[in-house]
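J.: Letter by letter, the chains look like this.
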Amino acid sequence: MERVPILKIGPTLFVSIQIDLQDESVVRLQEDLADELARTGAKGVIIDITAVEIVDSFIGRMLTMIGSISRLFDAETVLVGMRPAVAITLTELGLSLRGVRTALNAEKGLALLTGSS
Amino acid sequence: MDVGSSQGQLAAYMRDHQEKVVGRWSELVTAGIRGRSSPAELRRELDDIYSLMVRVLSDVDEHALGELRAALAELSRTRARNGFTPRETAIAVFSLKEAVYELVADVAELAPEYFAFSRLIDDLGLHTFETYAAARERIITDQATSMLELSTPVVRLWDGIIAVPLVGTLDSARTQLVMERLLETLVATGAEHAVLDITGVATVDTEVAQHLLKTVNAARLLGAECIVSGIRPQVAQTIVALGIEFGDIATKATLADALAHALKRSGLTVTKIGPA
Chain A
46 MERVPILKIG
56 PTLFVSIQID
66 LQDESVVRLQ
76 EDLADELART
86 GAKGVIIDIT
96 AVEIVDSFIG
106 RMLTMIGSIS
116 RLFDAETVLV
126 GMRPAVAITL
136 TELGLSLRGV
146 RTALNAEKGL
156 ALLTGSS
Chain B
668 MDVGSSQGQL
678 AAYMRDHQEK
688 VVGRWSELVT
698 AGIRGRSSPA
708 ELRRELDDIY
718 SLMVRVLSDV
728 DEHALGELRA
738 ALAELSRTRA
748 RNGFTPRETA
758 IAVFSLKEAV
768 YELVADVAEL
778 APEYFAFSRL
788 IDDLGLHTFE
798 TYAAARERII
808 TDQATSMLEL
818 STPVVRLWDG
828 IIAVPLVGTL
838 DSARTQLVME
848 RLLETLVATG
858 AEHAVLDITG
868 VATVDTEVAQ
878 HLLKTVNAAR
888 LLGAECIVSG
898 IRPQVAQTIV
908 ALGIEFGDIA
918 TKATLADALA
928 HALKRSGLTV
938 TKIGPA
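So the sequence lines, in the order shown, correspond to chains A and B. Plus 45 on top of the position in the first sequence (first one is 1) and you've got my numbering. Plus 667 on top of the position in the second sequence (first one is 1) and you've got my numbering.
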């Protein structure tokens, strides 16, 4: 199983998903991220999904859960770089990812975190 | 009865009187179409068809019928495109019956052949009509496609602010196209505000509202905020009467209001410099 690396940049954790998401890898990412948030006390999480082309309802729900988990550690989650096709799929599935903020790209996502803190 | 030779008899008779019959025929057709194509042009068209018809009747050339049908198909397609009515198109074929009847009415031995000829004309008339209908269908499909393409522009209002003026009816196919165009433009330009202007949308019902909400949600997932503008008084009343909730989506009366709102959210202000 492929693991998604979590990078710490200042007070922010940066996750760039470059692989085809399998259910296991998402669950693993969720666990890793919780551990990392507890260890570092980061105040923000940026999840870059520029390279993600396919999502399903499970992955959509896991993204929302990651947002909720981060919230418990007082960290804000920003999902960046979503592709139009992915956005349409999530909307058709009826998932609006409540509790997760979104930005067009990593730069804007970072600005959103630093602006709000 | 030997059909081949008897048909040949009518064909020969028709060939000999081509000038007279085509003359009478074009008179009848001209009366039917009220001078919508020039007499010379019409005469040429009918002459061609008449010659083919004689070849079909004389039964010497097996390709003649195919050619005749193709010629008539072309004629009806042109008429369909030029806005002739079905009646005006079909009369071109059917009036030949009358023209030929006037010719053979007093020649008793041609009567049985005239009957066969009449059936041929009926068949060709139906063929003309079918082609006419198919051509009209084609025109409608083409227009629907080009309307779909024309009616969904995404315009840039300001740096970081784009607008989609929606005109016409908002059905699933349109919404899908609008959504795709909007999201692609958001990604391409990096705009953070999008204005959906529904001034030109005829009616807003629950379905249209549902489509709008979907579009707004998809844009939100990309990290852009949507403003719905151009809500007319009666549309506002319908929305409230139907109990449609726009939730936390900003709605404005006009596109100008929406632009002002987006500028404010981007931290920009418009100021007047000096006296106007």
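Hints are supplied without guarantee of correctness; some may be wrong.
[Claimed, not checked] Mimicking SDA-like on lysine to any residue, the simulated pairs with C-alpha atoms at most 20 angstroms apart in a straight line are:
id, chain 1, residue 1, chain 2, residue 2
1, B, K764, B, D726
2, A, K153, B, K881
3, A, K153, B, A855
4, B, K881, A, A130
[What the hints assert, rightly or not] Derived Cβ-Cβ restraints for the label pairs, each shown as a range:
id, chain 1, residue 1, chain 2, residue 2, range
5, B, A920, A, M46, 31 to 39 angstroms
6, A, F103, B, D915, 21 to 29 angstroms
7, B, Q877, A, Q67, 27 to 35 angstroms
8, B, A737, A, I64, 55 to 63 angstroms
9, A, D68, B, D924, 42 to 50 angstroms
In short, the hints are calculated from the structure, not lab data. In this text, a Cβ means the ideal position worked out from N, Cα and C, and glycines have one as well.
J.: Work down the list of hints and note, for each, if the structure agrees.
T.: Hints, one by one, checked against the model:
Straight-line distance between C-alpha atoms of K764/B and D726/B comes to about 19 angstroms, which keeps the hinted pair within the 20 angstroms bound. With a C-alpha separation of about 23 angstroms, the suggested pairing of K153/A with K881/B is violated against the 20 angstroms cut-off. About 14 angstroms separates the Cα atoms of K153/A and A855/B, which keeps this hinted pair within 20 angstroms; it holds. For the given pair, K881/B sits about 13 angstroms from A130/A by alpha-carbon distance, which is consistent with the 20 angstroms threshold.
About 54 angstroms separates the C-beta atoms of A920/B and M46/A, a value inconsistent with the hinted range of 31 to 39 angstroms. Taken as a hint, the range 21 to 29 angstroms holds for the pair F103/A and D915/B, whose Cβ atoms sit roughly 27 angstroms apart. Separation of Q877/B from Q67/A is about 33 angstroms and conforms to the stated range, judged on CB atoms against 27 to 35 angstroms. The hint said 55 to 63 angstroms for the Cβ distance between A737/B and I64/A, and at roughly 59 angstroms that hint holds.
Checked against the hint of 42 to 50 angstroms, the pair D68/A and D924/B passes, with Cβ atoms roughly 46 angstroms apart.
Taken one by one, the earlier hints fail for this structure at numbers 2 and 5, listed in ascending order.
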